[in-house]
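Mind docking chains B, C and D on chain A? Use the hints.
Protein chains: 4
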Amino acid sequence: MKTAAILGVTGYTGEELVRLLSRHPEVELVAATSENENGKKLGDLYPPFPRFRDLTICTAEQALQQAVDLVFLCLPAIESSRWGKFFLDRGSRVIDLGADFRFSTASAYEAWYGTSHPFPELLEQAVYGLPEWRRQEIRTARLIGNPGCYPTAALLALLPFVQAGWVAEEPVLVDAKSGVSGAGKTPTKTTHYVEANENVNAYKPGRSHRHVGEIDQELNRHSQKPLQVVFTPHLVPQTRGLYASVYFKLRSAHSRTELNDLLRQRYEAEPFIRIVDPQLPATRMALHSNFCFLAAEAVKDTSYAAVFSAIDNLGKGAAGQAVQNMNLMFGFPETMGLC
Amino acid sequence: MKTAAILGVTGYTGEELVRLLSRHPEVELVAATSENENGKKLGDLYPPFPRFRDLTICTAEQALQQAVDLVFLCLPAIESSRWGKFFLDRGSRVIDLGADFRFSTASAYEAWYGTSHPFPELLEQAVYGLPEWRRQEIRTARLIGNPGCYPTAALLALLPFVQAGWVAEEPVLVDAKSGVSGAGKTPTKTTHYVEANENVNAYKPGRSHRHVGEIDQELNRHSQKPLQVVFTPHLVPQTRGLYASVYFKLRSAHSRTELNDLLRQRYEAEPFIRIVDPQLPATRMALHSNFCFLAAEAVKDTSYAAVFSAIDNLGKGAAGQAVQNMNLMFGFPETMGLC
Amino acid sequence: MKTAAILGVTGYTGEELVRLLSRHPEVELVAATSENENGKKLGDLYPPFPRFRDLTICTAEQALQQAVDLVFLCLPAIESSRWGKFFLDRGSRVIDLGADFRFSTASAYEAWYGTSHPFPELLEQAVYGLPEWRRQEIRTARLIGNPGCYPTAALLALLPFVQAGWVAEEPVLVDAKSGVSGAGKTPTKTTHYVEANENVNAYKPGRSHRHVGEIDQELNRHSQKPLQVVFTPHLVPQTRGLYASVYFKLRSAHSRTELNDLLRQRYEAEPFIRIVDPQLPATRMALHSNFCFLAAEAVKDTSYAAVFSAIDNLGKGAAGQAVQNMNLMFGFPETMGLC
Amino acid sequence: MKTAAILGVTGYTGEELVRLLSRHPEVELVAATSENENGKKLGDLYPPFPRFRDLTICTAEQALQQAVDLVFLCLPAIESSRWGKFFLDRGSRVIDLGADFRFSTASAYEAWYGTSHPFPELLEQAVYGLPEWRRQEIRTARLIGNPGCYPTAALLALLPFVQAGWVAEEPVLVDAKSGVSGAGKTPTKTTHYVEANENVNAYKPGRSHRHVGEIDQELNRHSQKPLQVVFTPHLVPQTRGLYASVYFKLRSAHSRTELNDLLRQRYEAEPFIRIVDPQLPATRMALHSNFCFLAAEAVKDTSYAAVFSAIDNLGKGAAGQAVQNMNLMFGFPETMGLC
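Each protein sequence line maps, in turn, to chains A, B, C and D.
Its first residue numbered 90, the first sequence is counted upward by one per residue in my numbering.
Its first residue numbered 90, the second sequence is counted upward by one per residue in my numbering.
Its first residue numbered 90, the third sequence is counted upward by one per residue in my numbering.
Its first residue numbered 90, the fourth sequence is counted upward by one per residue in my numbering.
Bound conformation, chain A alone:
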């Protein structure tokens, strides 16, 4: 039995981690932190998950006193770096669900997050935790930058085509739609029920959302020529679920069958990827799961391909993927606790 801690247990990703770890047969949650709910029992916050109900929520400072095999960070930017460093120094492995360890270079981090990285030396050992594309490095990593929800959906749809050299030219276009839990738990005008219900709107369009940097970086890791995305996220009236509709120009003509066959070949052995063609993905398929559903379409009378990708933003887009990474790091079966 391995031990784990969650730093920042009161947000939606923290809650989802509690749900998932409650079902995990080989991991024990030994610490869960919150500066505000410090002293309460975990069972008071999350009545439906009885396994860890008697765990007393503590501060991050207190959690650091314990020896834990692995720490999940669900903290604001910079805070993550700080606590990640402390726990690494104590010998714990670290999976950061925020953005502090997703970039390869401190300059990229600074460009997209507007602040210098406090521990640039850690970026070298950090691995971008997308198991379908970095599995070997994740197994031996001590520090994981867990991918953002939008990048996860977009990259899983795009990378097979990028790697195969089928993308003719930039930009690649990603039009994404996310449920409101992606906007976090803090009550704001945007997350007010009356504003979000019966409403769709784009936000941070083009290349203004921070996830653009992350998508660009990972596309270019697998591309032989530079690629950049045009990326527009939209808020849609649902709690969970994220949909990415991806469009790009093909280098040479391919049928719908060929496009989907490429996806099927690339992801054949993947436990959490399903190619649903001739259906199209739907976020409902992925709800409360760690799966990503994909299908591609050749746009007739054009040289364009469209690829559609559906995940649960709190599952494969956050906590589910973090548990998948944990399983790899501990040498457990990759699907343990996730199916």
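One or more hints might be untrue.
Intra- or inter-copy, both count: the list cannot distinguish identical chains.
Stated by the list, open to error - Derived lysine-lysine pairs resembling DSS-like cross-links, with alpha carbons at most 25 Å apart:
| no. | residue 1 | residue 2 |
| --- | --- | --- |
| 1 | Lys-130 | Lys-278 |
| 2 | Lys-338 | Lys-389 |
| 3 | Lys-389 | Lys-293 |
| 4 | Lys-129 | Lys-278 |
| 5 | Lys-274 | Lys-293 |
| 6 | Lys-130 | Lys-91 |
Treat the hints as calculated values from the structure; they're not laboratory data.
Here is chains B, C and D on its own, set in the frame of chain A:
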């Protein structure tokens, strides 16, 4: 006081027409038809609209016995043509909310609807009822093809740039999101609450939806070179509201301000168009109205523009636009009964 | 043309008043106040309502400098009293959409709102603005306490039976369900989309919600013996719409037909009440309208009656009813601007 | 490892059983039937549940050829009886998620379901599968009538007070609210997204819903004097979740604390019941779980108690409870696969 009839009053567009005509000071609804609800009072179907509550629903055959100034057709394809022809021959003006009179040529109709047009000679006199782009012809038309919901949102966003010659090359990309009322009133698996709620999915992607033909036709009417769209509609969990996110390559660089200024200049005098930049449109802004909300963005580090468009699919996307067309045909103030 | 002002135009009832007055042919909005949005144009806040788009939002202090025929108060408790007094002294009529003028006595106000009433002398002239039960007094009133949303739905269902002496004994039971707009515009944990979506919960159950005092007061005004309610409000995942399910013991046996006939007779001439039996009311019927839909049921094998009542909480439950009251006070047709 | 079959796997309860059995470590699904989807793989119907993806859906006739330890029936009334009988005769244990085996007598079944029971002799051995109140009989039962969703929520709230003799008189009042998945998977006007969204309505009010018979029967099993309910179900716009608000007159005065203490004492050892007082239950607490959340309130100034109960209608209200019953019948830990 002018008289109007609604053929096919039981669907969502028929219901919305009843709501709008209930508030119209210069039009009297004198006939409303349904083959299934024939004999009932309109007030039994739609309790909240008392003005026409005592109107007895009749068959289309019976409606034809009355003299009416204008007929709204909310009927299946081909049925629309048939009844449109009958009423035109009786001297009524006709607004078809279906697709039978949206195409300029019978061959285009046949290409997209898979059946030959029963009255190709009527297509010559039919006017595509997008007032912001065809106002003069609508005023004197006897037969209007009321635009589809997706084409309305997409064309209002695109045409200013197409007309100004700012679009560098095809394809133009339209990623659209619609509420479930756009799928019609017949209960199906797709419209079941449990399937549609907490779900987003693409359908008929690329160039497979019938509205592609309509968008292509109208873009090319105002373009100096051939243009075609890549168009993917998505279903989102809300009753009403349609959002179009439009992307295209610019012929030469333009700032966000320049893009929005072009929209503002083109639509300055339009009563139902609002440029909301520096905000972005949201479908909630347009709910239960005949307005279209627009804003444009220059995608940094690329030569691409993004334009966002929000309408109510039953308002500007169907019944509202039909009443706007009626106002023009009758010489009424264009906003009568719509603000 | 009469003039009106809205004090507190940024909340949901203020917004709904703007929407309704935009369609009113005999009233001009001459002032709209907000301490926070002071200086903006009304059209920037509410783009879809163009009629008053150029009105500049001002402070309550500034609004007081103008002569207005009628003022709508959408303000916090006590604030309402204060500004109501100022405007009454200036000769304006006042409709308070809050609770400050709903109670007949200062002691009742204090009992339910926990603070002493600042102008108890005004309570004598204030009229409880439920037109179906106080029409004559409303016509000549200078000060109206516009009923709460829950009391409106409950009283319209109950009062015919109370007045007819058909209620055998207390308590009368009211189980009510409201959309989230009833919880106001301030972002809170309760109104966060993720908390409210896919959720139903009771709150302030039994006799702990402030609307209990209001319902009790009005029931007893029309009852020959003392009556009190057991009242539990619930929050349901929708923006608008309020449903009250009312249960009481009958003094003597009555069939469903007799129960509904009593409702029909009492409300026969009412423009905004519809008895939908043999259907049951649904909040969707009332959406965006000033109607109340009612139906009654005799519970078989018992001596109990159930009455169901559906309104739009922002329509008949707030702004719609306020406009109905205004129409009565100005001698306009009661339905003007509301159908 | 035990073996199980699901008869009628395509409805919402069948789907939920597949989800739950996918996580069960001691049960293998060996047959899943559907007359319409016969021949497909289970993984094509339900992509997110990979464990049984290769199971080929067969007919009930074919399933009967296999030896299975336990059969879940998700079939229409009467069909359940017929297949239940066949499988019992073959030596399988049977859990019927429909109503055919919920009544103790054939006359009660006929009174509520309007048709005579085909195998009245089976009713004697059938056990009403509410584990918190019939655990010992369930352990040894061969045939279980799994409770309805509304009765589960209502009975768990009421029975402690009924058993303790605290209920003064009938009727007990149950006002319940259910998500749309409770209405089944067949597309109808009621389940159309546009009709169900932004809508609340009562249906089958008073004593006209079939679950009344079931609630009455079980209340009277534990009551010393006859009791009947007034029960009104409502449809609310959410996929899953059921809320029961229960009101009754107390024989003698009790404080809120005393009411909740009775609940706590009665359910202290229950793994799936949580008393959340001083909070109130919310359906969101129970979502995707087998838990029931309860809290009671003493209505001040009256002799009435209110008890609130929240479950997931597909969890504790159907498939979750069925798996709980299966665990008891097989001698497994009661929470296996459910936490």
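Comparing the hints with the structure gives:
Proximity of Lys-130 to Lys-278 under the C-alpha cut-off of 25 Å is restricted to the inter-copy arrangement: shortest distance 20 Å between copies versus 30 Å within a copy. Proximity of Lys-338 and Lys-389 under a CA criterion of 25 Å is satisfied in both settings, with 12 Å inside one chain copy and 20 Å between copies. For the homomeric pair Lys-389 and Lys-293, the shortest alpha-carbon distance between copies (12 Å) is at most 25 Å, but the shortest distance inside one copy (31 Å) is not. When the C-alpha separation of Lys-129 and Lys-278 is checked against a cutoff of 25 Å, the pair qualifies only between copies, where the shortest distance is 18 Å, while the shortest distance within a copy is 29 Å.
When the C-alpha separation of Lys-274 and Lys-293 is checked against a cutoff of 25 Å, the pair qualifies both within a copy, at 19 Å, and between copies, at 24 Å. When the C-alpha separation of Lys-130 and Lys-91 is checked against a cutoff of 25 Å, the pair qualifies only within one copy, where the shortest distance is 21 Å, while the shortest distance between copies is 37 Å.
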